[in-house]
Amino acid sequence: MLQIKLTSLMVEDQTKALAFYTEVLGFQKQMDFPVGEYRWITVAAPERDDLQLALEPNVNPAAKAFQAAMFAQGIPLASFESTDLDADYARLTGKGVAFTRPPMAAGPVKVAVFSDTVGNLIQLHQPL
Amino acid sequence: MVASSEGAARGRQRSELPYRMLIAASTFRRLVRARELLIRDTHGRLTVRAVAEQVGLSQFYFIRGFSALYGSTPHQLRTRVRLARAQELLAAGVPVTRICMQVGFSSLGSFSTLFTRSFGQSPTSYRRSVQVPRSFEGIGIPGCFGLLARLPPSNSREATRA
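Chains as they are written, first to last, in the numbering used here: chain A, 1 to 128; chain B, 1 to 162.
Treat the hints with care, since some could be wrong.
As the list claims (entries may be wrong) - Partial list, derived from the structure: chain A residues whose beta carbon lies under 7 Å from chain B: (1) 82; (2) 99; (3) 100; (4) 102; (5) 105; (6) 118.
Bear in mind the hints are in silico, worked out from the structure with no lab data behind them.
Computed from a prediction, not measured in an experiment: that's the story for all the values here.
Even for Gly, the Cβ is constructed at its ideal location relative to N, Cα and C.
Put together the whole structure using the sequences plus the hints.
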């Protein structure tokens, strides 16, 4: 049986990314060790360390172009589930997070979109 | 981020709006365009004020919205773009004084100081660290891996002259 336990996002600056994903979003650092001139960093939601997100350095020019184009088109590159989207929206805007879409119903879910400040738009969703 | 959050704090005193960092679609497009302008301006010709004007945002909102979206102020991005260009030119063997002018610094001192603070080594020591050592020449290392992206094809010849 195959399972999905780890996925990754490209980030412009790993140090800034780790700070944003932990201090602002509230994830917890799981791994952080040097790999050459970069680092292998993973974060996870509190009490869900079996599902990890790697914050990888965005150094490949092709990946950079992809990331910038998706951002410019307003397309999020990941979606995190929220148990209370309105509360998370209020909490994150209170910390200065820039949303490009406020919470709104979209079929079976409510969604919102924000910038992670390291090159990606991220969606939040809450099943209705 | 420190400078920008100070700016945001000053803004907050002025008006405490509930959803102040909700960026409307039209503003989002303006900020994306502003970033493109800043990234292309490797000569440092555009001021932050000029970029704000070009995309049609007040300078105050431009700096605040840009920082929230991209994690650095327009000025920080502008500096980063110019220093990255300087790195490319250093690797290509262009003289430091010419590079300094080409990326829009008026004094060699301020260019050198900023470069050193950003990368932990001076422009000349950076140049030495990225150029291909004479002893490598002719061994037939394909390209010189890590440097491939930023070095022009003529670099190994330039390096041996330095």
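Verification of the hints:
The interface hint given for residue 82/A is violated, since its Cβ lies 17 Å from the closest Cβ of chain B, which is over the 7 Å cut-off. A hinted interface residue such as residue 99/A counts as satisfied when its beta carbon comes closer than 7 Å to some beta carbon of chain B; here the least separation is about 5 Å, so the hint holds. With its C-beta approaching chain B no nearer than about 5 Å, residue 100/A sits inside the 7 Å limit, and its interface hint holds. Proximity of residue 102/A to chain B holds as hinted, the smallest CB-CB distance being about 6 Å (cut-off 7 Å).
With 7 Å as the threshold, the beta carbon of residue 105/A stays out of range of chain B, its nearest partner Cβ sitting at about 17 Å, so the hint is violated. Below 7 Å, beta-carbon pairs count as interface contacts, and residue 118/A has one with chain B at about 6 Å; its hint therefore holds.
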